[in-house]
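Asks: Each chain, written out:
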Amino acid sequence: MIPTNYYLFLSAILFGLGVVAFIFRRNIITIFMSIELMLNAVNLAFVAFSQAWNHLSGQVFVLFVIVVAAAEAAVGLGIIILIQRNRQSLNVERVDLLKL
Amino acid sequence: MIDSLTQFLNEHWDVIISLVKIALIVFIVLTVNAYLTWFERKVVAHMQSRWGPHRVGPHGLLQPAADGLKFLLKEDPTPNGVDKFTYYLAPLMALALALTSIAIIPFGPDPIVVFGHKVYLGIVDLNIGLLALFAITALSVYGVALAGWSSNSKYPLLGGLRSSAQMVSYELALTMSVVGVLLMAGSFSLRDIVNVQALHADRGIFGWNIFPQILGFLCFFTAAVAETNRVPFDLPEAESELVAGFHTEYSSFKFAMFFIAEYTSMITVSALCAIMFFGGWLSPFPTTWTFTHYLPSLILIPFGLWVIWDGIRYETIFGRIILPGVGTVITIIGAALIAFPVINEFIQGPFWLLSKIFVFLFIYVWMRGTLPRFRYDQLMSFGWKLLLPVSLANVVITATIIMLRGH
Amino acid sequence: MNVPLIVFFALAAIAVLGAVSLIWQKHPIHSALSLIVVMVALAGLYLLMGAEFVAAVQIIVYGGAIMVLFVFVIMLLNAGAEERTSFSSLAKFAGVPLAAALLCTLAALMLTSHEQVQTAAQPGVTAPTKALSAQLFQEFVYPFELTSFLILIAIIGAMVLAQRDRKESHL
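Protein chains in written order, with this note's numbering: chain A, 1 to 100; chain B, 1001 to 1407; chain C, 2001 to 2171.
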């Protein structure tokens, strides 16, 4: 059997990579995708614990996380389309009208 | 040395038999695809009062071979400005996903015993077989969308976007229309779905899922035709509309890959219809009528004799040699089935499943030759405003009836 | 070195490579494809853990619907390869060290965690879909119905956000 630690390490690595992508990239869509990567890493941790403790609530919660991610992606991409329409650019550094 | 070889074979039996099954099924599916193109061209042509391919080999039977040779030898230009990785990835993805879905389909009931090991007919039987098929269908949207986008051209982009929007819309109706069958079967596994229908095998055709689930079947078949981008839902790839839709800029072998992917998904959909609604490998006659076990021979022997008779009077010498030969082989197979009852019993399941798949493929081709195509906005409103509510209603009605009957 | 362990390492390597590719690629469509690879690898890991329904839902919903949405938006907005701007230098200097710090914190937490988590998990119990659906529709029925409201709000929100202004449509 594969120790739960391994899954949690993988989840931590994926989450860290998601954070790195979030900080480094400048395209809004790629930043959004890194959020999805972070959510996936968390899902992996949930399922790993659900298997470790033989409790199905972990997997039920994963289903809810997936649904929430879907709703968030729909609205977020709508906002991104609006940003592209108003600022004519997908570079997150050009969305800076509120800067001092 | 022979001993160590047999010992190695016995230890890793399941891996070896899976590899053999995969090779066999891929070979068979690709050949069936090739002759499905011949079948389609012939049937559509006869519906339009013309001949279809009849020069390349007797009755045009070597036309798929000629087409295959053409696809392999044709020049394969890559247009300027395409996104190279995605351009090469799209047909690969479409073909790989389409061929993977064949692995989940069970082709027959009983395990046969080869060298003392049980071999099930079908590469794998997943607990979540039906869900896995829907997952593969969901992923195949990418083949279309990425092909359209990466071609760096207007018509493929429009065709790809329209086609993938259509596929995503009809996916919902597709999955909903199957829930009725799942409620009746209580499992996602395709074998279990057929076995639940086999519980009423003494009623023959009335034990199949089609009678309780007629609404579900109509929704499923319509949604599946839309998923595979076939007439009447093939606006995104129709010749008179968008040049050739998302695969305009693909030529020779990459186009052949899209072609094979489309026909393979037709075969998968036909197999799914047969398994879920029409009893899979069950015979339409009640099981007490054992004389119907001779039906395969009853079909094969006259067909073989007719091929011989037609071949003797064929116009070319090549046809006069090949066709009687093929006819003799078919007649001998039919006679062998009568002579060896063991093989006859084994062949019953796959024979019925393959016949049903053949009937559904004929219906596909029949629709192609007969129906006009939907306009895009008609297509989308049909999918969202008619098909989805009807399949939801089917789920509610089925669930209510099952709850009232207390299954 | 049994087969499940090899499969785990293979899938984990694919997932990590996909995530690294998400960061490295210049064009957003390639990042999207890398994310799809990560999701399929994670679905494989869920199957390895015996969560078959979650694996199928991950591919159908995440990989087959959400990522299709991303790919559509990238195609429609014609997002090109990223331009190299030199606006922010904070990210350049503090980015990688902060991420490494996060990773080390998580790893340290895991290594010093409770004994129960570190021991090998119970032999894989395949979670039959029936048990999962029983939980979903009995214990968690209230959140389940709430998510349908959430999706409805998201649909309405997305349609309102993305529609063109009424003035333009009358042209």
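Worth flagging that the hints you see were computed from the coordinates, not collected in a lab.
Incorrect hints may appear among the rest.
Unchecked claim - Under the rule of at most 30 Å between Cα atoms (straight-line distance), these lysine-lysine pairs were calculated in the DSBU-like manner:
| no. | chain 1 | residue 1 | chain 2 | residue 2 |
| --- | --- | --- | --- | --- |
| 1 | B | K1021 | B | K1154 |
| 2 | B | K1074 | B | K1084 |
| 3 | B | K1070 | B | K1084 |
| 4 | B | K1042 | B | K1118 |
| 5 | C | K2130 | B | K1154 |
| 6 | B | K1084 | B | K1021 |
| 7 | B | K1084 | B | K1154 |
| 8 | B | K1042 | B | K1084 |
| 9 | C | K2026 | A | K99 |
| 10 | C | K2026 | B | K1118 |
| 11 | C | K2130 | B | K1084 |
| 12 | B | K1070 | B | K1042 |
As the list claims (entries may be wrong) - Simulated restraints, written as ranges between beta carbons of each label pair:
| no. | chain 1 | residue 1 | chain 2 | residue 2 | range |
| --- | --- | --- | --- | --- | --- |
| 13 | C | L2005 | B | I1321 | 52 to 62 Å |
| 14 | C | S2021 | B | N1080 | 46 to 56 Å |
| 15 | C | A2013 | B | A1065 | 20 to 30 Å |
Where a beta carbon is used, it is the ideal one built from N, C-alpha and C, also for glycine.
Asks: Could you run down the list of hints and mark each one as holding or not?
Replies: Hints, verified against the model:
no. : hint                          : result
1   : B:K1021 / B:K1154             : violated (43 Å)
2   : B:K1074 / B:K1084             : holds (20 Å)
3   : B:K1070 / B:K1084             : holds (24 Å)
4   : B:K1042 / B:K1118             : violated (40 Å)
5   : C:K2130 / B:K1154             : violated (48 Å)
6   : B:K1084 / B:K1021             : violated (34 Å)
7   : B:K1084 / B:K1154             : holds (17 Å)
8   : B:K1042 / B:K1084             : violated (37 Å)
9   : C:K2026 / A:K99               : holds (27 Å)
10  : C:K2026 / B:K1118             : violated (52 Å)
11  : C:K2130 / B:K1084             : violated (45 Å)
12  : B:K1070 / B:K1042             : holds (19 Å)
13  : C:L2005 / B:I1321: 52 to 62 Å : holds (59 Å)
14  : C:S2021 / B:N1080: 46 to 56 Å : violated (26 Å)
15  : C:A2013 / B:A1065: 20 to 30 Å : violated (42 Å)
Violated hints for the displayed structure, listed by number in ascending order: 1, 4, 5, 6, 8, 10, 11, 14, 15.
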